[in-house]
Structure formats: structure tokens, C-alpha cells
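A.B. asks: Chain by chain, the residues:
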Amino acid sequence: MAHATAQAHTQQHPIKLYLVIWAWLFILSACSYLVDYFQLQGYLRYSLIILFMMLKAGLIVSVFMHMAWERLALVYAILVPIAAVLVFVAIMALEADYTLLSRLVFFATGS
Amino acid sequence: MTDHALTDAGGTLSGPNNLRSIATDLSSDQRAFKNVPWGKAMMWIFLLSDTFVFSCFLIAYMTARMSTTVPWPNPSEVFALTIAGTTLPLILIAIMTFVLISSSGTMAMAVNFGYRRDRRKTAILMMLTALLGAAFVGMQAFEWTKLIHEGVRPWGNPWGAAQFGSSFFMITGFHGTHVSIGVIFLLIVARKVWRGDYDTERRGFFTSRKGNYEAVEIMGLYWHFVDLVWVFIFAFFYLW
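Heads up: the sequence lines are chains F and S, in that order.
Using the numbering used here, the letters of the first sequence correspond one by one to residues 1246 to 1356.
Using the numbering used here, the letters of the second sequence correspond one by one to residues 1117 to 1356.
Quick caveat, the hints were computed from the structure, so don't treat them as lab data.
Hints may be right or wrong, so weigh each one.
[Stated by the list, open to error] Here are the computed distance ranges between Cβ atoms for each label pair:
#, chain 1, residue 1, chain 2, residue 2, range
1, S, Thr1185, F, His1258, 50 to 56 angstroms
2, F, Cys1276, S, Thr1316, 43 to 49 angstroms
3, S, Phe1168, F, Glu1340, 27 to 33 angstroms
4, F, His1258, S, Ala1196, 49 to 55 angstroms
For each residue, glycine too, the CB sits at the ideal point set by N, CA and C.
Could you build the full structure based on these sequences and the hints that come with them?
C.D. replies: Here it is in C-alpha cells:
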């Protein structure tokens, strides 16, 4: 991404590029469907789901949305704030664990 | 002194694209996002805010699912369909995923043909994108109908944790709304492309601004984002 040259207003890529990415998205989607089809469980399942998800998201953002060819100032302005979401996920995961613990301790019979 | 040359608004950008360029871009006069049309920058910022909205929904879902003491309904079974005697897990969702990815592919090509000023191909590909988007919404409506008939409500369902229904309707409903709005915008922009508005720089009826093919790319950004959100919903809600 850092080596991409920012060309003003000329987003000219061969159509083949989009067809290749399209094919890859199909393959990755099929892979994530197969994770469910073969009923993989546990950490293998979760890591595969995350892996295919991140690869698909990366392809869509970088190629389809042309992020790979944008100037870094815009790329960072959009991608850096996403870190806040990850922090929020961590906070709420801790909170959910605490809620579950309280429910198990004080309301062991109900929901 | 070479750094100062970069701070000129507009003009050609020949400088490096690295951390230093971010500092010079952001501290420059008039505009921080060089060589990005304002509409595109605004769409990116809108998409960032939309990312936060969907993140909040998915985080709420995560919190509900992690903290409930009641078993979560197995999405693999809930969304299974029986086609010609064989029960396939999650098959409708898989088809919806492929349809949405295909629509993203046609949209990307429409943007490309737009910059090549190929009016006809751009409009046809955008119409195709809209058609695939409409098909997606149709399948979602079918899915909702099926689940509602099976007794899924925002406050409960026959299989387990009550929060399943509220998470499902909230997340997929909001995403479906985005797809529906996207289809409407696609049709509007496709009509403008077909009519040649962006070749003649005809002024828009609402903003009176001159249109050009950047509008197709901005439309494309929104559409790819809708696809992007589905990638996360598919992974976290349906597969997890």
C-alpha cells in the first residue's frame, strides 16, 4: 500500500483485475461456507472464519474501493479510527464475561 | 524545502506516499485530502460513521450472546433449507453472499467503465448491480418471512436465547435497509449515466452541481461498503 503511486483522478485498471478479485471473493466465500458445511468446531472454526472474513474485507476495501491507490492521509484517516472499535469490543467482552458470571452466581436457575 | 512544495493545494502530486506525506497533507492549507474529490472524501467519512453504527450492533450482539446463560440457537440449523429432499445448512445465506459479491463485482466494473466514459456499459452494469441487490433484498424478505412463521420474535424464539431474534432483526434489518437505499441510488445514478448527464456536466435537480463520473465511483464506494458489512455479518452472526 505504501508503495502505490497516487495518481490524480486516473483510476485506470484493467477489467481483468476486478474479475480476478471477484473470483477470489467467490473462493473465499465458498471456503467460509464449507467451514459450516463440514461442522468444524472450536478454535479451528473461529480462526478460519476470522481469516476468510479478513481476507475478503481486505480485498473489497483495497481493490474494489480503491483504497490501495489512495493517498496515505486518507487511508489513515479512515482506517486508524477503526482501532476504537476494537477497543470497544475488548471492553464489552470483559463486561459480558462479568455479566455472565453475575448471572451464574445470582440467578443460577433462570436466564 | 521540498516538503513545502507538497503543501500546495491542488497541482500535481509527485511527492512520496509515506508517514511524512500524511503530516504535510494534514498540515497543508485548504485541503488535507489531496487529489480526492470532496464528494469522495465525504462518502468515506460517512462510511466510517456507518462502520461505527454497524460495529455497535455487532458488539451488542456479541455482548448478548456472551452473557446469556441460555444456549444460543444454532444458526446452521435455523437457516437450513430443504431443497429437493436434502437439507443444506445455511444455503440461503450462502446464495445471498454470492449474489451480493457478484453485485460488488459488477459495480467495480461499472466504476471502471465510467472513467473510460463508456456510458452504455456503465449504465448496464449499474442496472445489473441494482438487479442483484434487489434479488438480495427479496431473499432476505423470504428469510424473514420463514423465521417469523417459525415463531421468531424480537422477544423470543422456540430454540433458545431470546436475544437471538432481536439481534437478528436489528442487524439484518438495518443491513437490508442499506441495500434497499443502495438499489434506489443505483437506479438514480444509472439513469443519469444513461442520459449522458455526466458527459454534458448537466446540473443536478437538487444540488445544482455539475455532475461527473466521480458520482459513479462514490456510488460504488457505498455499494462496496454494503457488501463489506455483509462479510462481517455473515462471519459473526451466521457462521460463528
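A.B. asks: Are any of the numbered hints broken by this structure? If so, which, sorted upward?
C.D. replies: Hints 3, 4 are the ones this structure does not satisfy, whereas the remaining hints hold.
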